[in-house]
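Q: Let the hints inform the model, and build the full structure from the sequences given.
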Amino acid sequence: MPDLTPSGQSILRSARGSSHFLRETLGRYYATLCGDLIILLTVTMVAFITVKGLAAFTGPHPLSPLKFLFSSHWQPDADPGEGGPQFGTLAFILGSVSVSGLAVLLAAPLAVAASILISVIAPRAGENFFRPVLELFTGIPSVVYGWVGLSLLVPFIRNQFGGLGFSLLAGGLVLALMILPTITTLATDALQNLPDSLLEGSYALGATRWQTIHRILLPAARPRILIGVTLGMTRAFGEALAVQMVIGNSVRLPDSLLNPMSTITSVITMDMGNTVKGSAWNNALWSMSLLLLAITFGFIVIIKRLGPQDTKNGNHF
Amino acid sequence: MATTSDLQSGRPLVQGNHKSAFRNDRIATGIFYAAGIFLVLLLFAFAGYIIYNGRASLNLHFLTTPPLFMQKGGGVGPQLFNSIYLLILASTLSVPLGVGAGIYMAEYARPSRLTRAIRLSLETLSALPSIVVGLFGLLIFINILGWGFSILAGAMALTILNLPVITRVAEESIRNVPPALKEGSLALGATHWQTIWRLILPAATPGILSGVILVTGRIFGEAAALLFTAGMSSPPLNFSDWNPLHYVSPLNPLRPAETLAVYTWKVNSEGLVPDARQIADGSAAVLIITVFLFNFLARYLGKALQKRSRAC
Numbered sequence: 001m002p003d004l005t006p007s008g009q010s011i012l013r014s015a016r017g018s019s020h021f022l023r024e025t026l027g028r029y030y031a032t033l034c035g036d037l038i039i040l041l042t043v044t045m046v047a048f049i050t051v052k053g054l055a056a057f058t059g060p061h062p063l064s065p066l067k068f069l070f071s072s073h074w075q076p077d078a079d080p081g082e083g084g085p086q087f088g089t090l091a092f093i094l095g096s097v098s099v100s101g102l103a104v105l106l107a108a109p110l111a112v113a114a115s116i117l118i119s120v121i122a123p124r125a126g127e128n129f130f131r132p133v134l135e136l137f138t139g140i141p142s143v144v145y146g147w148v149g150l151s152l153l154v155p156f157i158r159n160q161f162g163g164l165g166f167s168l169l170a171g172g173l174v175l176a177l178m179i180l181p182t183i184t185t186l187a188t189d190a191l192q193n194l195p196d197s198l199l200e201g202s203y204a205l206g207a208t209r210w211q212t213i214h215r216i217l218l219p220a221a222r223p224r225i226l227i228g229v230t231l232g233m234t235r236a237f238g239e240a241l242a243v244q245m246v247i248g249n250s251v252r253l254p255d256s257l258l259n260p261m262s263t264i265t266s267v268i269t270m271d272m273g274n275t276v277k278g279s280a281w282n283n284a285l286w287s288m289s290l291l292l293l294a295i296t297f298g299f300i301v302i303i304k305r306l307g308p309q310d311t312k313n314g315n316h317f
Numbered sequence: 001m002a003t004t005s006d007l008q009s010g011r012p013l014v015q016g017n018h019k020s021a022f023r024n025d026r027i028a029t030g031i032f033y034a035a036g037i038f039l040v041l042l043l044f045a046f047a048g049y050i051i052y053n054g055r056a057s058l059n060l061h062f063l064t065t066p067p068l069f070m071q072k073g074g075g076v077g078p079q080l081f082n083s084i085y086l087l088i089l090a091s092t093l094s095v096p097l098g099v100g101a102g103i104y105m106a107e108y109a110r111p112s113r114l115t116r117a118i119r120l121s122l123e124t125l126s127a128l129p130s131i132v133v134g135l136f137g138l139l140i141f142i143n144i145l146g147w148g149f150s151i152l153a154g155a156m157a158l159t160i161l162n163l164p165v166i167t168r169v170a171e172e173s174i175r176n177v178p179p180a181l182k183e184g185s186l187a188l189g190a191t192h193w194q195t196i197w198r199l200i201l202p203a204a205t206p207g208i209l210s211g212v213i214l215v216t217g218r219i220f221g222e223a224a225a226l227l228f229t230a231g232m233s234s235p236p237l238n239f240s241d242w243n244p245l246h247y248v249s250p251l252n253p254l255r256p257a258e259t260l261a262v263y264t265w266k267v268n269s270e271g272l273v274p275d276a277r278q279i280a281d282g283s284a285a286v287l288i289i290t291v292f293l294f295n296f297l298a299r300y301l302g303k304a305l306q307k308r309s310r311a312c
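Line by line, the protein sequences are chains A and B.
Note that the working numbering gives residue 25 to position 25 of the first sequence, counting from 1, and the numbers run on in steps of one.
Note that the working numbering gives residue 161 to position 161 of the second sequence, counting from 1, and the numbers run on in steps of one.
Read the hints as simulated data drawn from the structure, not as lab findings.
As the structure is a prediction and not an experimental result, all values here were calculated from the model.
Incorrect hints may appear among the rest.
[Said to hold, decoys possible] Label pairs and their in silico Cβ distance ranges:
#1 LEU22/A / ARG113/B: 25 to 31 Å
#2 LEU254/B / PRO65/A: 37 to 43 Å
#3 LEU69/A / PRO96/B: 40 to 46 Å
Don't be surprised by glycine CBs; every beta carbon is placed ideally from N, CA and C.
A: What follows is the structure in structure tokens.
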């Protein structure tokens, strides 16, 4: 076998040589097994959720996939007399898109500006102060973000702008705060991994720091910054409880910043435990889970297209 | 002055007017400082708000007594216990697997289809929303295997969440071990596994340990993956019965177990206690303080162990 590592047999001729060889083999098998297990786990998860998610579209009363995706008529418990239950999820899909989109719009500019401070302008304070603080905050549980949204933000919005307070705006703000540390850390990594020669060359040519930042460093780091933003979006899109607590959970197309609405994850969170296993309503919820999985895959594809992921600091899920 | 072309735009990098270039530079610097300071103030205000509001609950009574039904003054004792128990079980399951997979990726994997498949699986697992992991747990452990809402199902779901992160941390820490260590060991006639077990793993331990503690802190606050696996109820527990086979024993792995994070979420929607707000304030404070403590511990242990291994 063309292998740089010693096989154990030829080198160790002592009496214990064979037990070393056994351990060598067992160790290798164990590590390989763990690696394979990760593939198995991922494949199983995708397969099971796919099969379960497709159940609603087959069987005696199949749901039309087009209606499921493009109708906003969601009446899961309507009687047959009223036209039967309706499972159109468009309102929730748009709800998820708008709340996570709003979160990224609010968070990304601040995150990128802060990452420039940390990596270019004040690198020492960045390394000793900002980075540890950001790391501290990526670990805060999402229910805590949701609770602050519910106890502080919702009443504030109600008093300032009227309405219920439970709104797209509240959801977007809570998610923005939640993904700020993630995007900032990833954007900082992107800027710090640029070769020093870019900065030095630009300074040597007489450019000011701002000119260097916006003409040289930001364009060079752009793909990696976009990966960070996409990862933040992925996290916001998949967040369930923090959003559910502040968004109001009413079936409604997202038509105003101040109106309550629902997202894919909030509907799953609310109804999965209350519906009968195997019922049309329950099956529709599993189809929404499959949709969530598919959209997450879409985000992964976008991230892969944008370039190789940073292996040093990885992603922050 | 000499103008130099920007390669991309073809425009001069430093345009005619020096003064405006320097003024813009100062304005931009000011804006970046403002953004960074605003960000940090926002985060500190957030943490301060939670801890300030929850300060009244940071006492032994709140942390050890069970919740009350329809009356004020209940605590979060069982929930806190459940969180810690789940965390220990999940770490016991996920650390050996994650470190094993990390060893594989750092030491055995070659550029092959299999390695690429593992890499892609790891990326997928870490990008999955935790509610999807919870739903998978519901499907497999509750619906198919019929365990019912249980600590065991919850621990499995948390293991799935942990696995990609621990694998990545282990792989990185192993890759950061100086190659001379490995080469020296192999040259002395040690087998590959002996080298991994006796030299590489001990040298990588500080990195792995601080990574594991950090992850553990994060799953302490996980709720979405537990709603449909560990469940949203906590049966009455008898804290003097430590036989894991008894139903009222806190150690029974097949009983439903609401964690602190799940309780924080649920207490608002249920309306079964009049002091829901105080309870949520208190448990949010406990959650955030625990996460911070884990973070400090990871930082401290990582540094301390590194210093010791350098001293040898």
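Q: Give a verdict on every hint.
A: Against the structure, the hints:
no.: 1; hint: LEU22/A / ARG113/B: 25 to 31 Å; in the structure: 29 Å, holds
no.: 2; hint: LEU254/B / PRO65/A: 37 to 43 Å; in the structure: 39 Å, holds
no.: 3; hint: LEU69/A / PRO96/B: 40 to 46 Å; in the structure: 42 Å, holds
In this structure, every one of the numbered hints holds.
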